[in-house]
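Working from the sequences, and respecting the hints, build out all of it.
Numbering (this note's numbering), first residue to last: 1 to 82.
Simulated from the structure, these hints should not be mistaken for laboratory data.
Built from N, CA and C at the ideal position, the CB exists for glycine as well.
Hints may contain errors.
[As the list claims (entries may be wrong)] FRET-style restraints, in silico, Cβ to Cβ:
(1) HIS52 <-> HIS75: 15 to 23 Å
(2) ALA15 <-> SER39: 12 to 20 Å
(3) LEU34 <-> GLU55: 30 to 38 Å
(4) ASP29 <-> PHE64: 30 to 38 Å
(5) THR37 <-> ARG60: 24 to 32 Å
(6) HIS52 <-> LEU27: 26 to 34 Å
(7) TRP22 <-> HIS75: 28 to 36 Å
(8) ASP51 <-> ALA71: 30 to 38 Å
(9) HIS26 <-> THR54: 12 to 20 Å
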Amino acid sequence: MEATEGGSDVITRVAGIKFGGWPTWHLTDPYDILCLTCSAPCRLLFTVASDHTTEITVGRWGDFRIFACPAGEGHGYIFDQH
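Laid out in structure tokens, this is it:
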């Protein structure tokens, strides 16, 4: 854990793991990940990234990402390796 400048906020993180935010596009240009049910652009839900600290390797040093449709929970998830 690491305190911010004022010392009141605490930031916690796990190397290589991220909830939400924006996906990285280090292999391709950015493109929309579309829901398989309604074709709406999905949002990044979770990322597991290759990381020396955690000794996690995804594919050839990439990311495993899970996207979710904002239109409905019943629409399922899109699993992506990038």
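Hint check results:
1. Between HIS52 and HIS75 the C-beta distance comes to about 35 Å, which lies outside the given range of 15 to 23 Å.
2. Restraint check, ALA15 to SER39: a C-beta distance of roughly 35 Å breaks the suggested window 12 to 20 Å.
3. For the hinted restraint 30 to 38 Å between LEU34 and GLU55, the CB-CB distance of approximately 33 Å keeps it satisfied.
4. The supplied range of 30 to 38 Å is broken by ASP29 and PHE64, whose beta-carbon atoms lie about 20 Å from each other.
5. As the Cβ distance of THR37 to ARG60 is approximately 31 Å, the hint placing it in 24 to 32 Å holds.
6. A C-beta distance of roughly 19 Å is found between HIS52 and LEU27, which places it outside the suggested range of 26 to 34 Å.
7. TRP22 and HIS75 have their C-beta atoms about 21 Å apart, which leaves the hinted 28 to 36 Å range violated.
8. Between ASP51 and ALA71 the CB atoms are about 32 Å apart, so this pair conforms to the stated range of 30 to 38 Å.
9. In this structure, HIS26 and THR54 meet the distance hint of 12 to 20 Å, their C-beta atoms being roughly 18 Å apart.
The structure shown violates the earlier hints numbered 1, 2, 4, 6 and 7.
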